[in-house]
Structures are given as C-alpha cells and as structure tokens.
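> Sequence:
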Amino acid sequence: MTETHFDKAERHIREAEERVARLTAILEDLERHAPQRTVEDARRTVISLRCSLELARDHLQIGRAQQAS
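In the working numbering, the protein residues as written are 1 to 69.
Incorrect hints may have been included.
Cβ-Cβ distance ranges computed for the label pairs, FRET-style [claimed, not checked]:
hint, residue 1, residue 2, range
1, E28, D7, 30 to 36 Å
2, E54, H5, 16 to 22 Å
3, K8, E28, 28 to 34 Å
4, L27, Q67, 42 to 48 Å
5, S69, A21, 32 to 38 Å
6, E28, S52, 17 to 23 Å
Derived from the structure by calculation, the hints contain no laboratory data.
Even for Gly, the Cβ is constructed at its ideal location relative to N, Cα and C.
Construct the complete structure from the given sequences, taking the supplied hints into account.
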C-alpha cells in the first residue's frame, strides 16, 4: 500500500510525539542533576519542539479538512 502525504505527516507527528516524550523525561532528569543554565536551555528547546509539534498537528488537521471539502 502506498503511503499518502497525510499518512506520512501522521507518521512524522507520531514519531515527533515519541521524541518529545523522551526529551521530556531527559529534561526531568536534568532538573535533578544539571546546572540551572543547562536546564533552562533544555526547557526552552522542549517548549519549542512542543510548539512545532502542535503546529504540525494543526496543519495536518487543516489539510485533512480542506481535502474533505
């Protein structure tokens, strides 16, 4: 079966969700053991990735809605 653009986007989003979850766990460990500056940088990075992931979800939803109409 051929993967459509939407299927590919959904797969990429699922993979990104898994990565963000792993990075969140790493961040929690850093918060206990790393210097504050490192924690702050890591936290900003995870926040940025979460925002990008949310935008990807929104973009996919819009594309699906446009395809359906």
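> Quick check: does the Cβ-Cβ distance between K8 and E28 fall within 28 to 34 Å?
31 Å, holds
> Taking the beta carbons of E28 and S52, is their distance inside 17 to 23 Å?
20 Å, holds
> Does the hinted range 42 to 48 Å hold for L27 and Q67 at CB?
36 Å, violated
> Between S69 and A21, is the Cβ distance one that fits in 32 to 38 Å?
33 Å, holds
> Can the suggested window of 30 to 36 Å be confirmed for the beta-carbon pair E28 and D7?
32 Å, holds
> Take the C-beta atom of E54 and the C-beta atom of H5, compute their distance, and say whether it sits inside 16 to 22 Å.
20 Å, holds
In summary, the one numbered hint that this structure violates is 4.
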